[in-house]
Amino acid sequence: MEIREVELSTTPDASAIADLKLGDIVYLNGLLYTAREGVYTRALEKKANLPLDLPTESAANFHCSPAATIREDGSFDMGAVTATASFRFAKWLPEWMEKTGARLIIGKGGMSSAAYKEYFVPNGAVYLSTVGYGTGALLGRGIEKVEAVHWHEELGIAQAMWIIRCKRMGPFIVASDLQGNCLFERENAKIAKNLDKVYEGTRPAVLKRFGETDDREDELIG
Amino acid sequence: MIPIDIIQSTAESLMDKAAIEIPEDYHNGLKSAAKVETGSLSGYVIKAMLDNYDAAKEDRCAMCGDTGTPRWYVKMGNETTIEGGPIALEAALRRATANSTHRVPLRPNRVHPLWRTDHNNNVGIGAPEIEYGYEPGGEWIDLITVHKGGLFGTDYRMLFPSDGIEGIKRFYLDTLVAFGKRGLACQPAIIGIGLGGCKDTCMVLGKRAACLRVVGSKNPDPEIAELEAEFKELGNSIGMGAMGFVGKSMVIDCHIEVGYCHTGGMQMSMHAFCLSSRRAVARIYADGRVEYRTDPDWFTDYQRRETVDWPATVETALSEAPGH
Numbered sequence: 001m002e003i004r005e006v007e008l009s010t011t012p013d014a015s016a017i018a019d020l021k022l023g024d025i026v027y028l029n030g031l032l033y034t035a036r037e038g039v040y041t042r043a044l045e046k047k048a049n050l051p052l053d054l055p056t057e058s059a060a061n062f063h064c065s066p067a068a069t070i071r072e073d074g075s076f077d078m079g080a081v082t083a084t085a086s087f088r089f090a091k092w093l094p095e096w097m098e099k100t101g102a103r104l105i106i107g108k109g110g111m112s113s114a115a116y117k118e119y120f121v122p123n124g125a126v127y128l129s130t131v132g133y134g135t136g137a138l139l140g141r142g143i144e145k146v147e148a149v150h151w152h153e154e155l156g157i158a159q160a161m162w163i164i165r166c167k168r169m170g171p172f173i174v175a176s177d178l179q180g181n182c183l184f185e186r187e188n189a190k191i192a193k194n195l196d197k198v199y200e201g202t203r204p205a206v207l208k209r210f211g212e213t214d215d216r217e218d219e220l221i222g
Numbered sequence: 001m002i003p004i005d006i007i008q009s010t011a012e013s014l015m016d017k018a019a020i021e022i023p024e025d026y027h028n029g030l031k032s033a034a035k036v037e038t039g040s041l042s043g044y045v046i047k048a049m050l051d052n053y054d055a056a057k058e059d060r061c062a063m064c065g066d067t068g069t070p071r072w073y074v075k076m077g078n079e080t081t082i083e084g085g086p087i088a089l090e091a092a093l094r095r096a097t098a099n100s101t102h103r104v105p106l107r108p109n110r111v112h113p114l115w116r117t118d119h120n121n122n123v124g125i126g127a128p129e130i131e132y133g134y135e136p137g138g139e140w141i142d143l144i145t146v147h148k149g150g151l152f153g154t155d156y157r158m159l160f161p162s163d164g165i166e167g168i169k170r171f172y173l174d175t176l177v178a179f180g181k182r183g184l185a186c187q188p189a190i191i192g193i194g195l196g197g198c199k200d201t202c203m204v205l206g207k208r209a210a211c212l213r214v215v216g217s218k219n220p221d222p223e224i225a226e227l228e229a230e231f232k233e234l235g236n237s238i239g240m241g242a243m244g245f246v247g248k249s250m251v252i253d254c255h256i257e258v259g260y261c262h263t264g265g266m267q268m269s270m271h272a273f274c275l276s277s278r279r280a281v282a283r284i285y286a287d288g289r290v291e292y293r294t295d296p297d298w299f300t301d302y303q304r305r306e307t308v309d310w311p312a313t314v315e316t317a318l319s320e321a322p323g324h
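Chains as they are written, first to last, in the working numbering: chain A, 1 to 222; chain B, 1 to 324.
In case anyone wonders, no lab produced these hints; they're calculated from the structure. This list has only true hints and no planted wrong ones.
Once the Cα atoms are required to be at most 20 angstroms apart in a straight line, the calculated DMTMM-like pairs of lysine to aspartate or glutamate come out as:
| id | chain 1 | residue 1 | chain 2 | residue 2 |
| --- | --- | --- | --- | --- |
| 1 | B | Lys47 | A | Glu2 |
| 2 | A | Lys193 | B | Asp174 |
| 3 | B | Lys248 | A | Glu185 |
| 4 | B | Lys248 | A | Glu200 |
| 5 | A | Lys167 | B | Asp59 |
| 6 | A | Lys190 | B | Asp174 |
| 7 | A | Lys167 | B | Asp51 |
| 8 | B | Lys47 | A | Glu5 |
| 9 | A | Lys145 | B | Asp59 |
| 10 | B | Lys232 | A | Asp196 |
According to the in silico footprint, chain B covers these stretches of chain A (three or more CB under 8 angstroms from chain B):
| id | stretch |
| --- | --- |
| 11 | 128-135 |
| 12 | 215-221 |
Ideal placement from N, C-alpha and C gives every residue a C-beta, glycine not left out.
Bound-form chain B, shown alone (with noise of 0.2 angstroms):
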């Protein structure tokens, strides 16, 4: 059993590293931008950013000013449970939640969507979102923050089969330059895309691709993988760099993830992970350790799994079967 009292500290401290460290992967992406962008503006713009990311860690400050709306994601082992259970659970990342937004001090953004009230600590009607998933086999709890902005950036669209990939590629483009212009997205970024499933969870899809995959990393489809690697020249080839300057660094990563959609339909949604890319992991074992990581490894075979049963539990279940 996860014992809660770690659950708490460990989501606290996550909540202080997400806001004030940069992970290495967006950091080393941004590091390569900075030798290739020839922009003199967009040049400069990178080079405080990089400045900026060790003043944050230098002075345990956030690196900027809007923390983003801070959010959880949960990850369980197929063995794990929790001292108290899930509203124990959840009662711990609100909890430190709303203690991190005083201490560290990140700022409260989540206000009530008509009358604004705020309650200083990110904390409210559906804040923070935690959203869970579960892998097979194992006793261990991942607790995943992201505290990503939260205006600009972001699109979604049904398009149709007869689209294609070059309507798919128009989206793309029109969402870079929309929000891009006098870099309102925040740029340049880790692009996030969302193709099928329903609406909501395209949404979801590629807010997760955005935010849960390390600058890299691959879809593990070839093809896709093609895709992802086209769509960064792509949008690095706009001409427009941070802050929407003349620049050729718009776009750190491009990450695709897919889910099945209705036949007639081809969803695709769009998310920018910005300069200040806030992720932070811990996985905490039942005997109470934890171990500090930055890449939330979310998008495993099983996650990603297409079958109707998953070959593993099938084999363990034949293994735990009398007389096998």
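Isolated chain A, as found in the complex (with noise of 0.2 angstroms):
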């Protein structure tokens, strides 16, 4: 299968974003945010002000939180940076994406089919996972400039709303499209017709734990 790549700008219009297809590998221009359970804390539940205007600014919310420092000059080192696992904040997502008009969700794992078709698709918005995991070398070549570090103070550098200009920064790879397809469930549905058959010749526990499953095909996420 030929693997496609495109450019993106983290402030996409509707017909861009109605172009990518599941396992498009997408290079990201523009600027975008990172922003995960601190700033979401923060600007949902404590009602603070945004420090920039979304989305006219951006558009791209990364779960991220950089390898980086803040210089004794107040400038920044920012070297690697990678994404973490998204499913940890579907609690603040609908809200999120209503209040700041966010089209691309990038992070590690993806949403669920039930995600995507409840929020992401009536915002017009898409997922997209870093690869690997791990390419943070990479993905830290796509960094033009560090714009801006906000509520570093308050959360510290890991939860703090970094502001990235990026220039062909990825690659990311499609992960939802905006009929609200899964292709990380897509890919588990494929791998889940094998199991019955890897799993021949195990035996399940003699003491069982409470709230387990045994359906192999279950998501696991929330």
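From these two lone chains plus the hints, build me the complex, please.
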């Protein structure tokens, strides 16, 4: 299968998003910001004002804590950037997307197809996954400039809101589309067909644990 | 006596090496996986990771943005003394961790579990962990730093003798499949399995099996070595590869370590050392010489001993006894 590579703006128009297909490789140009549980809690639960104009400046939310430091003169040193697993942020994402108009959610591992259908598709948004995981050095090469960091005093460097200007940052992989299809669920369904055979000759534990599933097609994420 | 300033400067360069340079054994293991991977997406992912290792070395940049939770394994020969003693040693390792976090930079991952306080330097209560081992003879200290990722791919289960190998295989597959979906475990990985011990030591054994043995190493017990090979094959036959895409590369190598356990139990732990298997090692001698390597060489015959006394110690004691 030929893998298609595309360049995409971090403030993409509807047709550019509609053109994306599951499994496409994407390189990003423009401004993106990091936001994860710290930023979501502060903005949505504590009602802090957002430090930039969204989505005009950026419609790309990266679930990322960079390997970065703030120098004594206030400048930044940012090396590797990679994503953290996104499913843990499902609690905040619908409200976040409504508030900020984010159209690209970038992270690790994707969301469920139910989440895509429920609040990605109505917002015209898709999910991009980092590749690997851990192509931190390659993604680092796509940083043109670290424009700013917000809320680092309240949240620490790892949870702060970093504003990054990127130039052909990638690779990312398209993991959802505007029909709400999920790349990871498509792959899981193919793999599940083989699992009974792989499990032959094994036995469930004699002592069970509460809350377990033996449904090997279960996506396991919330 | 080992000079303390050399301990700190060596520890700082180890922090850099671990974060930036993929160890050769894992690198070769992934290159072998790339040759047999037929899944188009999972094959693409492995190729991107191989490119990423080169980019990290060229740019002297951490290979992954999540630089894990840095920790230290320290081993000493029986005759080793350290300038300033063990307190100075621990202070040097904490300083090296903090300085390198700022300098490389690493991600300051370590926070308070409840208050989420971040010192922005990977140092805090109980962080970095510092664990110790000793070897008979010699005046040297091995500093080993491991920056393992911290969220997915690890699990523990109390199994019982009646669960047998079939039960061990079930828990092995359950853990690989559950954390392999969507690539949460950042596979293909070095899988470490701890069997036996008590609950805490079982976790420690499995983690050390994943992080402190190199790809290609075998357990000295030939039957356990056979299990390691069988489990590697089993993991790679799931039909899953990198990022949870269809493929055949889940396990770069499988390492099993055992410890004596309660007669009624068969504790099992699983640990996945990921696509950024970060470890770096150096030995420092009393004359200030420093030798860098990537093999921690942790599991020596002495570490795996099962007798009351260690024969070498007995021999030394006898040879030093008057009139012998």
